[in-house]
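Peer 1: Got chain Z sorted already, so can you dock chain U onto it with the hints?
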Amino acid sequence: MADLTSNFIGIKSPNPFWLASAPPTDKEYNVRRAFEAGWGGVVWKTLGEQGPPVVNVNGPRYGAIWGADRRLLGLNNIELITDRPLEVNLREMKSVKRDYPDRALIASIMVPCTEEAWKAILPLVEETGADGVELNFGCPHGMSERGMGSAVGQVPEYIEMVTRWVKQYTRMPCIVKLTPNITDIRKPAMAAHAGGADAVSLINTINSITSVDLDLFAPEPTIDGKGAHGGYCGPAVKPIALNMVAEIARSPEMRGLPISGIGGVTTWKDAAEFMALGAGNVQVCTAAMTYGFKIVQEMISGLAQYLDEKEITLPDLVGRAVPNVSDWQNLNLNYISKAKIDQDLCISCGRCYAACEDTSHQAIDMSDDRVFTVKDDECVACNLCVNVCPVEDCITMEQMAPGSVDPRTGKVVEAAPADWTSHPNNPMCATAAD
Amino acid sequence: MDPKALVSGIMPGRMDTAAIEAAFGDLHPPLDDHEALVAADRCYFCHDAPCQTACPTEIDIPLFIRQIATGTPEAAARTILSQNILGGMCARVCPTETLCEEVCVREVAEGKPVEIGRLQRYATDTVMAQNVHPFERDAATGKRIAVVGAGPAGLACAHRLAMMGHDVVLMDARPKPGGLNEYGIAAYKSTEDFAAREVAWLMQIGGIELRNGVALGRDVTLEALKAEYDAVFLGLGLGGVNALGVDGDDREGVADAVSFIADLRQASDLATLPVGRDVVVIGGGMTAVDAAVQSKLLGALNVTIVYRRSQARMAASVYEQELAQSKGVRIICSASPVSVHGNGAVREIEFEFTDDALARTGERFRLPADQVFRAIGQTLTGEGLPALEGRKIAVDGTGRTSLEGVWAGGDCASGGDDLTVTAVAEGRDAAEDIHMSLMG
Numbered sequence: 147m148a149d150l151t152s153n154f155i156g157i158k159s160p161n162p163f164w165l166a167s168a169p170p171t172d173k174e175y176n177v178r179r180a181f182e183a184g185w186g187g188v189v190w191k192t193l194g195e196q197g198p199p200v201v202n203v204n205g206p207r208y209g210a211i212w213g214a215d216r217r218l219l220g221l222n223n224i225e226l227i228t229d230r231p232l233e234v235n236l237r238e239m240k241s242v243k244r245d246y247p248d249r250a251l252i253a254s255i256m257v258p259c260t261e262e263a264w265k266a267i268l269p270l271v272e273e274t275g276a277d278g279v280e281l282n283f284g285c286p287h288g289m290s291e292r293g294m295g296s297a298v299g300q301v302p303e304y305i306e307m308v309t310r311w312v313k314q315y316t317r318m319p320c321i322v323k324l325t326p327n328i329t330d331i332r333k334p335a336m337a338a339h340a341g342g343a344d345a346v347s348l349i350n351t352i353n354s355i356t357s358v359d360l361d362l363f364a365p366e367p368t369i370d371g372k373g374a375h376g377g378y379c380g381p382a383v384k385p386i387a388l389n390m391v392a393e394i395a396r397s398p399e400m401r402g403l404p405i406s407g408i409g410g411v412t413t414w415k416d417a418a419e420f421m422a423l424g425a426g427n428v429q430v431c432t433a434a435m436t437y438g439f440k441i442v443q444e445m446i447s448g449l450a451q452y453l454d455e456k457e458i459t460l461p462d463l464v465g466r467a468v469p470n471v472s473d474w475q476n477l478n479l480n481y482i483s484k485a486k487i488d489q490d491l492c493i494s495c496g497r498c499y500a501a502c503e504d505t506s507h508q509a510i511d512m513s514d515d516r517v518f519t520v521k522d523d524e525c526v527a528c529n530l531c532v533n534v535c536p537v538e539d540c541i542t543m544e545q546m547a548p549g550s551v552d553p554r555t556g557k558v559v560e561a562a563p564a565d566w567t568s569h570p571n572n573p574m575c576a577t578a579a580d
Numbered sequence: 008m009d010p011k012a013l014v015s016g017i018m019p020g021r022m023d024t025a026a027i028e029a030a031f032g033d034l035h036p037p038l039d040d041h042e043a044l045v046a047a048d049r050c051y052f053c054h055d056a057p058c059q060t061a062c063p064t065e066i067d068i069p070l071f072i073r074q075i076a077t078g079t080p081e082a083a084a085r086t087i088l089s090q091n092i093l094g095g096m097c098a099r100v101c102p103t104e105t106l107c108e109e110v111c112v113r114e115v116a117e118g119k120p121v122e123i124g125r126l127q128r129y130a131t132d133t134v135m136a137q138n139v140h141p142f143e144r145d146a147a148t149g150k151r152i153a154v155v156g157a158g159p160a161g162l163a164c165a166h167r168l169a170m171m172g173h174d175v176v177l178m179d180a181r182p183k184p185g186g187l188n189e190y191g192i193a194a195y196k197s198t199e200d201f202a203a204r205e206v207a208w209l210m211q212i213g214g215i216e217l218r219n220g221v222a223l224g225r226d227v228t229l230e231a232l233k234a235e236y237d238a239v240f241l242g243l244g245l246g247g248v249n250a251l252g253v254d255g256d257d258r259e260g261v262a263d264a265v266s267f268i269a270d271l272r273q274a275s276d277l278a279t280l281p282v283g284r285d286v287v288v289i290g291g292g293m294t295a296v297d298a299a300v301q302s303k304l305l306g307a308l309n310v311t312i313v314y315r316r317s318q319a320r321m322a323a324s325v326y327e328q329e330l331a332q333s334k335g336v337r338i339i340c341s342a343s344p345v346s347v348h349g350n351g352a353v354r355e356i357e358f359e360f361t362d363d364a365l366a367r368t369g370e371r372f373r374l375p376a377d378q379v380f381r382a383i384g385q386t387l388t389g390e391g392l393p394a395l396e397g398r399k400i401a402v403d404g405t406g407r408t409s410l411e412g413v414w415a416g417g418d419c420a421s422g423g424d425d426l427t428v429t430a431v432a433e434g435r436d437a438a439e440d441i442h443m444s445l446m447g
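Chains as they are written, first to last, in the numbering used here: chain Z, 147 to 580; chain U, 8 to 447.
To be clear, the hints were calculated from the coordinates, so they are not data collected in a lab. Honestly, I wouldn't trust all of these hints.
Unchecked claim - Across the chosen pairs, the derived CB separations fall in these ranges: (1) U:S89 / Z:P548: 55 to 65 Å; (2) Z:P536 / U:A322: 27 to 37 Å; (3) Z:D523 / U:D40: 41 to 51 Å; (4) U:A203 / Z:Q508: 49 to 59 Å; (5) U:D40 / Z:P536: 22 to 32 Å; (6) U:E81 / Z:P385: 27 to 37 Å.
Stated by the list, open to error - A few chain Z residues that face chain U, going by a derived Cβ cut-off under 8 Å, partial list only: (7) D215; (8) R497; (9) P536.
From the three backbone atoms N, C-alpha and C, an ideal C-beta is built for every residue, glycine too.
In isolation and in its complexed conformation, chain Z is listed as follows (with noise of 0.2 Å):
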């Protein structure tokens, strides 16, 4: 079986599969069980400062949107950090790493702005004999009301000011968490960057109103008739996440910066990706939240099987592929599919002819007797009808060979790649030739 051993940023686990500071890593209870259950790591939930601690609403917290059998597939959040007193938390983490030192413990830590702040805390969490701690600069909701959190997050400046200040006052990996609510994730890496972060985790939870309440008239989690806006999280947000991770890893200027992918990771195979895309560990809170810490098993068995498959080893999936994340300008236009219909899988829902009839090309055919045919000399090859159809497989785009003639601009497909920057429509490229 492959071997999992990660070692991020100089902090090892036997796994890659950390829960993020969350609801999961409140308390010592719940991160003894997680590590009972194989998590490599956690990252406790966020640490504010000593004194009275925050306070919660006691109505609800979460909010959710299903999809199948009520298959949770994205869920919202109100909570704000930790709201135990620092000491205990401090305790708890000191007890739980002394007893489990092959796994990773991180304190995410939320404090003011201001360099007293950050100065005072970190010797505290030094002491615990935490492996590393994390900058929580995303919970968007609450404490960013406060100055904290996401309002540190969307200041790329802030950003590498408190950096900075946590790189001098401690000798713990800093690893600087990120909101995905700002609208160019590379300036606040660049930031954390800057300011001498050792890695970046992200994203953070997304801004977000789950659903309204249609008799209430008011959203969803509602207290007292009114709600708020909450951080949103799970399945749904993966793809999101995956463009942000991908963002960061491809930018030149950060070259090299270690990520820790965390958006809707619920199986396996979302670790995967995110990995692929450069993230060098994963964090999952959700898939947790909804099914229990034993998701972990199905996690590890998945990766290592995949890696086995694949004859690689983890690192030599870390970034694999970001080479290939692109920009739309450097697109081969030359390369020309279309979809093609395998009879013998086609169950003749018709959905792929509604879709393209009606929203597309009009290049899907619908003989009398229910068979759905291409029609070449019309299909774009937009992937529609491959996104629509319920079976697996049953459509798919296939290239045209080079040479061949495209039916639908009559023109023959060149073996030669040429993108938008060559395109003769392309007003910049006739500048440039003139």
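Peer 2: Just chain U now, kept in the frame of chain Z:
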């Protein structure tokens, strides 16, 4: 085992009331809210859906399932009922395995169709539980129409006519309306007096005057109806039962399956209903299955269906055959009755093997029997009816008969299978045609 199970002869109370009530519970229990959402989610919302094409009443099945999936079963019910006002009963009795669910793309692909029938029941039960009637009558037209027969065809016709503003007089020979919904059909498909409740709910449209105990030919004539009303719809059903035509057919203990089923449907306590120890049902259709299964559920020890051709030729669907077999009914095929033996009451029934062309092989066997049910088809009865085609009233595609101003539909009319859902479609379509012809 209850010792009464072994006693020969036709006797009530072979099982106690509680056991019988449990046996006669819903064949397909209703879906709860979550089950309905899960079942609805399996629908692919097919384009030009095969299920809708297969439905004789052409219910927009993908639409109503989507309406269930989005939490609006009331809207789903309206989608169903606008095409099929007896959508509640059809959800229970339709042989969906040979109609919508047979052609469901998921049946074709996976052998497991979307549960269309049960979803339809979920939607229609929702509005009936709310006692909401979702339709209103159009302005009165002043036209009066006689509908003869308050079975599925007559009810569907009467409702559609009333909805379009006509006044309807709905008459039926039996003491209660509903036709085979009330007097036929296995009890486990229409529990809790559903047929009567559905008629009461349907009548909420208004404009329908119900006259029970009125039989065509006995109490009224077609001539008189034609003279008195602007149009007449005949939904008479099939009143006659075919005889076995063998020696001993009249012995005590030999009865019509349809009468047995009607008695069963009307019994207030099923434990009082007599049934034999060794029951033989002759026939191969739904009536044979309904009679055989219900005999078994009443506590008969041995129940055998004997059909004269091979099993593949049975009119009862494979699903129905398997239902019978799962309840312990034995099916013997390729055998025709020769004579009914006994001294007064039936003791044995003798058969001869026959091939699919009904040629006799000369080989015979006897089955012990203290009760024999004839389920070999029903026939149209009555005098002075419109012209026949074969043994049914000849009609065109919209139910017009050979007589001006007289329409017909349901089992008494030619065209279509003898199914509840087909009768509903024919009654509805005749109503539309009557409306067109009266209103220009």
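Peer 1: Any of the earlier hints contradicted here, and which numbers?
Peer 2: Failing hints: none at all.
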